[in-house]
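**Student:** With the hints as constraints, model all of the structure from the sequences given.
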Amino acid sequence: MQLPAPFDYERATSVDHTIQLLDRLGGTARIVAGGHSLLPMMKLRLVHVEYLIDINDLHGELGYIRVEPTRIRIGAMTRHRELLDSPELRRALPIFHDAERVIADPLVRNRGTIGGSLCQADPSEDLSAVCTTLNASCVIRGRGGERVVTMAELYRGPYETAVGPAEILTEIRIPLRAGGSSAFEKVGRRAGDWAVVSCGVAVWLDGAVITDARVGLAAVGPNTTGIPAVSQALRGRAPSETLFAAAGAIAAEYCTPVDDQRGSVDYKRHLAAELTRRALRRAVARIDGREL
Amino acid sequence: MQLTMTVNGEEVTAEIEGRLLLVHFLRDHLALTGTHWGCDTSNCGACAVWLDGEPVKSCTVLTAMAAGHEVRTVEGLEQFGELDAIQRGFMECHGLQCGFCTPGMLMTARALLDLNPSPSEQEIREAISGQICRCTGYATIVRSVQWAAAEEAGARTSIIDAGTP
Numbered sequence: 001m002q003l004p005a006p007f008d009y010e011r012a013t014s015v016d017h018t019i020q021l022l023d024r025l026g027g028t029a030r031i032v033a034g035g036h037s038l039l040p041m042m043k044l045r046l047v048h049v050e051y052l053i054d055i056n057d058l059h060g061e062l063g064y065i066r067v068e069p070t071r072i073r074i075g076a077m078t079r080h081r082e083l084l085d086s087p088e089l090r091r092a093l094p095i096f097h098d099a100e101r102v103i104a105d106p107l108v109r110n111r112g113t114i115g116g117s118l119c120q121a122d123p124s125e126d127l128s129a130v131c132t133t134l135n136a137s138c139v140i141r142g143r144g145g146e147r148v149v150t151m152a153e154l155y156r157g158p159y160e161t162a163v164g165p166a167e168i169l170t171e172i173r174i175p176l177r178a179g180g181s182s183a184f185e186k187v188g189r190r191a192g193d194w195a196v197v198s199c200g201v202a203v204w205l206d207g208a209v210i211t212d213a214r215v216g217l218a219a220v221g222p223n224t225t226g227i228p229a230v231s232q233a234l235r236g237r238a239p240s241e242t243l244f245a246a247a248g249a250i251a252a253e254y255c256t257p258v259d260d261q262r263g264s265v266d267y268k269r270h271l272a273a274e275l276t277r278r279a280l281r282r283a284v285a286r287i288d289g290r291e292l
Numbered sequence: 001m002q003l004t005m006t007v008n009g010e011e012v013t014a015e016i017e018g019r020l021l022l023v024h025f026l027r028d029h030l031a032l033t034g035t036h037w038g039c040d041t042s043n044c045g046a047c048a049v050w051l052d053g054e055p056v057k058s059c060t061v062l063t064a065m066a067a068g069h070e071v072r073t074v075e076g077l078e079q080f081g082e083l084d085a086i087q088r089g090f091m092e093c094h095g096l097q098c099g100f101c102t103p104g105m106l107m108t109a110r111a112l113l114d115l116n117p118s119p120s121e122q123e124i125r126e127a128i129s130g131q132i133c134r135c136t137g138y139a140t141i142v143r144s145v146q147w148a149a150a151e152e153a154g155a156r157t158s159i160i161d162a163g164t165p
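Read top to bottom, the protein sequences are chains A and B. Using full-length UniProt numbering, read the first sequence as starting at 1 and increasing by one per residue. Using full-length UniProt numbering, read the second sequence as starting at 1 and increasing by one per residue.
Since the hints were derived computationally from the structure, they do not count as laboratory data. No experiment lies behind these values; they were computed from the predicted model shown.
Example chain A residues on the side facing chain B (calculated, C-beta under 7 Å, incomplete): (1) P6; (2) F7; (3) H36; (4) N110; (5) R111.
Some residues of chain B that are not near chain A, with every Cβ distance over 10 Å (derived): (6) N8; (7) G9; (8) R134; (9) A150.
C-beta atoms are modelled at their ideal positions from N, C-alpha and C, and glycine is treated no differently.
**Tutor:** See the structure below:
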C-alpha cells in the first residue's frame, strides 16, 4: 500500500487564509489543489511535507474563466474539465480545448487544476506549453500583496517555480489580439499519458501575411520552451507548407530533449518538427475558418 | 482528525489520519469493498467513485478532502433492491470477466449516461479512457453501456407511452 508519510492537514477557506497558514506553518507546508501530481509524489516520498493545506474550498474564489476584450483571466482553481467544457474559451483560444482533450483522462480532469499544473512545473506538462505559447502571465499573491510574472520568470527549472514558500498562484492572464488563432498537437505513448512531445502554436495574420507567431513545446527541455527563432522566421511571411516545415526544422534544432523511456533525442526532435508543422497548419486554417 | 461526509446518502463520522486515502477509508473503515484498489497511481480507475456527482480516482483523493462532501460508490448504484440499468447492461453484455475494473467502469459509465443519455461509441470510449480493463478488450464494456442507454431510452419511451391515452 502506498501512503504518503504522515502530515497535518489544514483546510483553507480563502486566499488570505491560505497565505496566513503558509506564513504561520513555514517552509514545510505545501498547498494541495487537485492533488493528482502532488499526492503521487508524496506516496513515492519524492516530496515531504509536514503540513498540507487543502485549497479545494477556494474553487468559489479562484475557479473562473473571464473573457475580457483584451485578455482572458483564468482562476488558478479552474479545473481541467472546466477548461475543456468552456465554449467561450474554446472560441477565443481553441488551443485549450485541443490540449485538454489529451491531458490525462476525464476522471483526473475532474480534479486537476490549471494552477496546480503550472505550479508542478513538470517539463512534460501540456498546459504549461499552452501558457508559454500564449505568453501568459501569472498572478502570485503573498502577504505583501500581488506580483505578476511571465511564464519564463515563473519557471526556474524542472519542478521549481518563482512562487515563494508563503505565496500562492491565484490567476493566469492571457493577452488576446484580433486576427489570430491557435492549436495544440501531442504525441503520447498511450491515451492519457504524458507527452513524448507536445506543441502549442498561436499565430496572427494580417491579410496574407503572418504578423506574429509563437510556439510552446513540452517535454523537450528543462521547462516548457518558447522558441523565439521560430517566431522570427514566421513574421512577415505568407503561410505555406514550405514555411511551416522550415519553422518545424528550427523548433527541432533549438529544443533540448533528452533520451528517456518515452523516446530518443532523435525521435523527439523529429516530433518537435512535425508537431510544430501540424499545429501551425491547423492554427492558420482556423483563422481562415477552414477548421474549428 | 475527525470528519463527517455523506456516503451513498448516509452521513458517516470517523476519526482518521490526515494521510488516509479515500479508497482505503471506504474499503477498510466503512467495509465498502465494492470500490477496488488497483494501481495506486491514478492510472487504472478501478477505485473510481463519485465525489459531489463527478467520478474521481479515490486512490488520489485524501479522505480529509472529501469531508463535508458527498461520495457515491458502486454499492450506491442499486436502488431499493433493484440493480441500476448500467449494472444490468454489464450482466447482459458480458461487460466483465474478472470483474476487477468493473466498479470503476460502472461509476464512470453511470456518470456519462446521466450527462449524455445516448452517447456515441466514441464518447463511451473517451469516458472510460481513464480506466484499464485487462480482460474484455473493452468491446463488451462499450456494448454494456450502449445496452443501458437503450434500456433507459426504452424505459423513458414506455413511461411516455403509458401516459398517452
